[in-house]
Amino acid sequence: MGSSPLNIRQQYEKAERRRSVTIATVSTVLVFGALFVLIPLAPGWERVKKSFFNTEILVDTFPTLLRAFLLDIAIFLWCAPAIALLGLAIALCRDARSPALFPLKIFGVVYTDIFRGVPVILIVFLIGFGVPGLGLNRPWNSPYIWGSLALILTYSAYVAEIFRSGIESVHESQRAAAKSLGLPHSDVMRYVVLPQAIRRVIPANMNMFVALQKDVALLSFIGPVEILRQAGVYKSLLANFTPYVGAAIIFLAVTIPITRYADYLIARQNRARS
Amino acid sequence: MGSSPLNIRQQYEKAERRRSVTIATVSTVLVFGALFVLIPLAPGWERVKKSFFNTEILVDTFPTLLRAFLLDIAIFLWCAPAIALLGLAIALCRDARSPALFPLKIFGVVYTDIFRGVPVILIVFLIGFGVPGLGLNRPWNSPYIWGSLALILTYSAYVAEIFRSGIESVHESQRAAAKSLGLPHSDVMRYVVLPQAIRRVIPANMNMFVALQKDVALLSFIGPVEILRQAGVYKSLLANFTPYVGAAIIFLAVTIPITRYADYLIARQNRARS
Amino acid sequence: AQAADAECAVGKTLTEGKLTIATGNPAYFPWVMDNDPASGKGFEAAVAYALAEEMGFAADAVVWTSASFDQSIQPGAKDFDFNLQQFSITEEREKVVDFSVPYYSAAMAVLVRQGTKDAGATATLESLKGLKWGADANTTALPMVQSIIQPDSDPLLYDDNTNVVEAMKANQIDAALFDLPTALYLGAVVLDDGVVLGQFPADRAESPDQFGLLMEEGNALKTCIDAALTTLADNGTLAAIEAEWLQQTTGVPVIK
Amino acid sequence: MSILTLKNVTKRFGAVPVLNGIDLTIEQGTMTCLIGPSGSGKSTLLRCINLLEPLDDGEIWFDHTDISLPGIDARPIRQQIGLVFQSYNLFPHMTAFDNVLLAPKRIYRLPKTELQPEIESLFERFGLADRMQHYPDQLSGGQQQRVAIVRALAMKPRIMLFDEVTSALDPELVSEVLDLLRQLQADGMTMILATHEMAFARDVADTVCVLDEGHLIESGTPETVFTSPVQARTQQFLHSVLTRSL
Amino acid sequence: MSILTLKNVTKRFGAVPVLNGIDLTIEQGTMTCLIGPSGSGKSTLLRCINLLEPLDDGEIWFDHTDISLPGIDARPIRQQIGLVFQSYNLFPHMTAFDNVLLAPKRIYRLPKTELQPEIESLFERFGLADRMQHYPDQLSGGQQQRVAIVRALAMKPRIMLFDEVTSALDPELVSEVLDLLRQLQADGMTMILATHEMAFARDVADTVCVLDEGHLIESGTPETVFTSPVQARTQQFLHSVLTRSL
Ligand SMILES: Nc1ncnc2c1ncn2[C@@H]1O[C@H](COP(=O)(O)OP(=O)(O)OP(=O)(O)O)[C@@H](O)[C@H]1O
Ligand SMILES: Nc1ncnc2c1ncn2[C@@H]1O[C@H](COP(=O)(O)OP(=O)(O)OP(=O)(O)O)[C@@H](O)[C@H]1O
Ligand SMILES: [Mg+2]
Ligand SMILES: [Mg+2]
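First to last, the protein sequences are chains H, V, L, P and F.
Its first residue numbered 295, the first sequence is counted upward by one per residue in this note's numbering.
Its first residue numbered 295, the second sequence is counted upward by one per residue in this note's numbering.
Its first residue numbered 45, the third sequence is counted upward by one per residue in this note's numbering.
Its first residue numbered 321, the fourth sequence is counted upward by one per residue in this note's numbering.
Its first residue numbered 321, the fifth sequence is counted upward by one per residue in this note's numbering.
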């Protein structure tokens with residue numbers, strides 16, 4: 295058996311694997327080595343390190359940042375369901391096919407155009423500061439309410455487009471099959487199209503909700519002390535940017551697992567489809 | 295011919311059309327009527343109008359805002375090609391299949407994870423203030439350069455994922471067909487896979503570039519006076535939010551046509567595929 | 045007089061019997077020490093308590109809250125009776141909100157790093173023109189830079205003092221304009237090698253920079269506050285607080 | 321007794337005519353096979369009969385009603401006219417049983433328990449009893465098509481339309497579906513089939529209709545159409561399809 | 321004279337065996353048809369011969385080289401072994417001409433002008449001269465498959481592999497592709513075909529091989545295999561496929 299073809303193949307594969315691991319190790323060591331050796335040689339490294347990578351400040355501020363991040367999570371948790379519902383409603387508006395529902399369709403189009411077209415931060419300013427001024431009294435003028443609404447309106451426009459693409463991806467024959475059984479339009483949607491459409495766009499929506507999680511931070515511009523504002527407060531007090539690095543770390547800890555998982559779901563779906 | 299079936303159908307369609315136009319008109323009038331009548335009845339409307347929809351201020355500040363927007367466009371114009379190239383390079387890294395190229399693949403994964411996981415604004419701070427602090431001298435420490443780099447790094451992570459999905463959407467048989475002719479891997483990519491992949495992801499990338507156009511505004515946080523900052527300056531000077539409305543109008547004028555066009559391209563592609 | 049003033053504020057505050065005062069988050073040295081206005085330490089914190097007392101509120105009737113400039117100029121109900129945060133009084137702002145009579149007249153000062161001074165920058169308009177300028181976009185420093193100094197290249201703008209200073213550290217800008225106490229503090233503490241190059245005197249004829257308390261437009265409390273502030277100014281209390289908390293400003297050359 | 325009568329049925333997509341004045345009468349209990357080249361309008365004709373496409377002209381009489389009139393409520397009619405497609409038939413997120421259950425449950429608003437025995441007996445009759453709780457992707461193509469047919473039968477239609485129900489199947493799986501069709505024919509179901517299975521058509525059809533570019537160019541018993549077609553176009557079509565497999 | 325010899329060819333996907341020790345010898349200038357149920361491994365076998373899949377065991381001798389050795393440069397070998405698939409053959413973003421031109425141009429690094437006459441004559445020979453500047457989606461399925469075959473021929477291969485090149489075609493278009501294969505056979509090309517076209521296989525194949533679950537269960541002249549198969553499984557497969565179309 296020593297020189298059988300099977301053995302040749304296995305030996306070859308083993309050698310290939312060994313070679314690849316060697317290359318991987320060497321190149322990784324080289325790249326990181328270069329980063330760790332070269333950057334500290336820069337004349338301003340000490341200053342940058344003090345300003346951006348100050349361990350002491352990181353340790354001191356991290357717990358508070360983490361606490362502030364709870365507010366991000368809370369805002370996220372009440373916005374996400376609202377966004378999903380509103381997004382779905384608007385997607386259904388845009389999908390309206392009967393000519394009598396044309397105004398709904400137009401409404402959906404205008405809505406998504408406006409809220410996808412303006413930077414989130416402007417919407418947050420305009421709604422977060424504008425609506426309360428219409429004469430609402432506490433607690434109804436809270437920036438939490440109106441800031442959240444700004445996020446909900448903006449993101450539901452994106453989510454609506456995702457739902458719509460999901461609805462359109464359900465093959466026309468599925469609708470035809472359901473209709474040909476005599477089911478009314480609402481049942482066709484509810485039992486046949488939506489269950490399939492929603493399942494398909496879960497990964498895309500997860501990516502959207504990662505983006506939302508990051509944009510919750512924009513609420514800080516109208517008052518709420520969430521993680522970005524808290525980092526900003528520390529930055530001002532300590533004249534040091536390390537708290538931002540701390541915030542970045544916290545964000546990565548949340549967003550990487552979710553994006554990875556969404557990517558995994560998308561890849562699985564693509565495999566299943568082909 | 296007066297009562298032929300053809301005529302019945304045409305009459306019916308005409309009636310339907312008339313009905314739908316009526317509904318559309320009435321409901322549009324109702325909705326906008328409600329908005330225009332009810333909102334001004336709110337007790338704070340006068341104040342909100344003065345703060346947000348101040349025609350005088352809008353007219354005064356609009357030309358300057360428009361000029362500031364030229365900076366956004368300039369930054370966009372030099373970032374977009376860099377993002378496309380870097381994104382493509384990283385997508386190719388992630389697509390590497392040979393085990394010897396595994397390190398490249400890992401690099402691609404880590405890169406996209408980090409830059410998709412951290413809010414853009416944090417990256418802008420960290421790179422825009424951090425790198426110049428390493429001791430670069432003018433003009434090499436310019437916030438335009440490093441702020442742009444922050445955008446390029448962030449967006450190329452997203453664009454890379456889009457390119458990757460495009461590359462993966464090219465059917466495996468296309469690669470097999472090219473390989474079976476004896477073409478080397480680089481030619482398979484260059485002549486067969488990429489031309490198809492890139493064409494397919496053009497609409498998705500267009501949406502990405504609309505988002506970039508909006509995020510260029512974040513550069514204002516590290517110095518450049520682009521449209522959002524210019525609006526902010528006016529806001530401070532005039533204690534009035536109308537300039538933000540002006541900025542929103544300018545953004546809409548640019549983003550709506552592009553998103554509409556991208557949506558149209560996507561819809562056409564979907565039709566072609568099914 | 046005390047009794048009359050005390051009655052003046054009755055029924056006009058946000059919460060009956062309490063005086064709600066807003067300041068920034070964070071509040072900066074030397075206006076408020078350690079970001080803790082309730083300690084009464086720092087110029088503005090001390091002014092706030094003196095004013096409260098003058099208006100008939102005990103120290104424990106003072107409630108602190110925080111509100112940014114944007115929150116303060118948003119139309120509609122405010123969450124504070126007044127906001128003191130080095131707001132400069134300007135004509136345009138007066139159209140949207142109310143200001144009290146001034147409680148401080150700020151000299152504006154030019155902050156640079158030692159390297160810039162070594163390179164030959166001097167306290168003359170001529171020399172300042174050639175520098176690369178930065179400023180806090182939300183303050184009146186920007187119009188001053190543009191109207192008085194008229195620099196050769198457009199200034200870069202930032203959201204707060206710290207970002208301005210960071211841009212200085214990164215060598216992206218040479219000089220920035222702050223009110224004098226802030227400039228002295230940033231130059232001495234935040235920048236390792238900061239130098240206050242010169243100042244524009246507070247009592248200059250055109251566009252003096254004066255800080256006032258910011259209130260919702262038409263706030264009934266305004267007359268009470270103005271009366272109390274005038275009393276504090278007249279009886280020397282304000283001057284005493286200024287002497288205690290703000291550094292000596294002599295020795296900073298006047299820009300020619 | 322005729323159950324379905326088409327008169328001058330005409331359909332355009334945009335300006336492109338797809339059906340050009342089709343006249344056709346279907347007798348109760350017969351099997352009609354539609355043959356013809358790709359793109360000749362077979363699918364469109366079936367979709368028009370099922371009211372999935374509105375007509376541009378012509379009439380479709382079902383019993384004593386013109387069901388092609390605009391504005392008519394299509395749902396009760398569709399329940400009487402079953403339609404099974406070439407592919408994408410079953411709802412992939414439901415088990416075979418739920419696929420069949422959905423329409424009766426929603427339309428008659430009956431509880432599952434009441435419908436269950438009847439549906440189960442349908443599954444049993446067509447040899448699918450052990451597949452009821454499977455999802456479509458756990459079934460072979462032939463099984464999927466049979467479940468799709470059962471689903472249409474559960475609404476107790478009076479006519480069944482089949483649109484190339486075997487074209488997407490692996491050659492080995494075709495026969496099990498054709499066997500089911502024979503079984504339905506034996507039960508006396510009225511059926512219209514668009515098909516490329518010439519051998520089957522010749523074997524079991526009562527009438528064969530040849531479509532070409534939206535025209536009904538030939539129609540008659542299988543013997544007539546296959547052995548002595550009148551139209552040159554029919555001869556040509558039959559030649560190109562049949563030379564290979566004979 | 322044998323041109324290709326498979327010895328004990330074995331392939332697994334993960335733990336699933338797909339080819340179980342196939343032994344097969346192909347003579348120069350013959351046509352071999354692979355038949356067998358769906359999933360029996362026909363496509364996989366062709367892909368292994370084209371070196372698109374590495375073997376797990378066994379040898380593939382092409383002339384006097386074992387081309388299955390790991391680490392061998394597959395490209396010059398693939399140029400000698402053409403492969404045409406069931407579908408997704410042509411590059412949709414190139415004209416028919418450019419599809420054919422790509423490989424010779426990149427591999428021999430010759431200018432277009434030098435290659436043009438030869439390629440044009442290929443197109444002419446197979447009746448596609450007027451389709452050279454069309455894009456694939458402007459061609460019918462049969463024309464696409466013929467261009468794909470021309471593309472493989474342009475590399476002057478010594479063997480051609482065909483993987484169900486007619487399965488995705490409308491029935492009317494099948495014959496034009498089969499005609500082209502007959503033409504190649506007349507030219508003396510060595511060919512291996514995976515196919516469901518039993519009539520064609522019986523007509524023109526020199527050898528018919530029956531695959532079942534990765535085993536080569538039967539192999540011989542068409543007469544032997546179709547009329548008196550040895551294996552029960554072959555009989556059963558032929559029965560299910562042939563009863564319908566006869
Ligand atoms: N929704 C549609 N919009 C526009 N044209 C259509 C539509 N559906 C079908 N057609 C066109 O109508 C013609 C007839 O199509 P149909 O599907 O009825 O043919 P068929 O006989 O069923 O063909 P096949 O055997 O390929 O199924 C074709 O030319 C087709 O392109
Ligand atoms: N890349 C792959 N990964 C895992 N399994 C595979 C892969 N390719 C094929 N198979 C499996 O190998 C078996 C043989 O597949 P193959 O495509 O060779 O069959 P076939 O005889 O060509 O069938 P058909 O007639 O349907 O084309 C099947 O069970 C298939 O699921
Ligand atoms: Mg059809
Ligand atoms: Mg195959």
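No lab work stands behind these hints: they were computed from the structure.
Note that the structure is a prediction, hence the values are computed from the model and not measured.
A couple of the hints might just be wrong.
Said to hold, decoys possible - Residues from chain F that face chain V, not an exhaustive set, calculated with beta carbons under 10 Å:
#1 V404
#2 Q406
#3 L430
#4 P431
#5 A468
#6 R471
Cβ atoms here follow ideal geometry from the backbone N, Cα and C, with glycine treated the same way.
Do the hints match the structure? See the list:
{"no.": "1", "hint": "V404", "result": "holds, 8 Å"}
{"no.": "2", "hint": "Q406", "result": "holds, 9 Å"}
{"no.": "3", "hint": "L430", "result": "violated, 14 Å"}
{"no.": "4", "hint": "P431", "result": "violated, 16 Å"}
{"no.": "5", "hint": "A468", "result": "holds, 8 Å"}
{"no.": "6", "hint": "R471", "result": "holds, 7 Å"}
Violation of the numbered hints given earlier is confined to hints 3, 4; the remaining hints are satisfied by the structure.
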